[in-house]
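Enquirer: Sequence:
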Amino acid sequence: MNGFVSLLKKELKEQYRTHRLLIVGAIFTLFGIGTPLLLKFLPELLELSGENLQITVTPPTAVQSFTEFAGTFGQIGIVVAVLVGMGMVANELRNGT
1 MNGFVSLLKK ELKEQYRTHR LLIVGAIFTL FGIGTPLLLK FLPELLELSG
51 ENLQITVTPP TAVQSFTEFA GTFGQIGIVV AVLVGMGMVA NELRNGT
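Each residue of the sequence shown is one higher than the one before, starting from 1 at the first, in my numbering.
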């Protein structure tokens, strides 16, 4: 377990130095702010589509917004984790460590 802790510290230092943790936080913040805004303007966006479809959209609530964000968080989280992992492996290969 001691080896795991030292490797974890090394990787966290590297993520901090390359600002990847800041970028990941910014991505999740962007999606966290964007989801409620999208739900708020969804009726207007559907009206602008130009088609004569009758779609009833309930007014967004805080619970609905959080539920949508939680779903997005899981999907985007997997993609971000894979991309960060790819960057870590590429950096290790480049440095030869």
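I should point out that these hints are in silico values taken from the structure, not numbers from a laboratory. As the structure is a prediction and not an experimental result, all values here were calculated from the model. Mixed in with the good hints, there may be bad ones.
As the list claims (entries may be wrong) - Quick list of simulated restraints, FRET-style, between CB atoms: (1) 86 x 26: 24 to 34 Å; (2) 82 x 48: 41 to 51 Å; (3) 52 x 27: 35 to 45 Å; (4) 3 x 40: 26 to 36 Å; (5) 12 x 58: 38 to 48 Å; (6) 17 x 56: 46 to 56 Å; (7) 41 x 9: 18 to 28 Å.
Glycine residues also receive a C-beta, built at the ideal position from the N, C-alpha and C atoms.
Enquirer: Could you see if the CB distance from residue 3 to residue 40 stays within 26 to 36 Å?
Expert: Check failed, 49 Å falls outside 26 to 36 Å.
Enquirer: Is the hinted range of 38 to 48 Å satisfied by the C-beta distance from residue 12 to residue 58?
Expert: 43 Å, holds
Enquirer: Can the suggested window of 41 to 51 Å be confirmed for the beta-carbon pair residue 82 and residue 48?
Expert: Since residue 82 and residue 48 have Cβ atoms about 34 Å apart, the given range 41 to 51 Å is violated.
Enquirer: Can the suggested window of 35 to 45 Å be confirmed for the beta-carbon pair residue 52 and residue 27?
Expert: 37 Å, holds
Enquirer: Is 46 to 56 Å right for how far apart the beta carbons of residue 17 and residue 56 are?
Expert: 51 Å, holds
Enquirer: Is the gap between the beta carbons of residue 86 and residue 26 within 24 to 34 Å?
Expert: Violated, at about 18 Å.
Enquirer: Within 18 to 28 Å or not, the Cβ separation of residue 41 and residue 9?
Expert: Violated: the Cβ-Cβ distance is about 44 Å, outside 18 to 28 Å.
Hints 1, 2, 4 and 7 from the list above are not met by this structure, while the remaining hints are.
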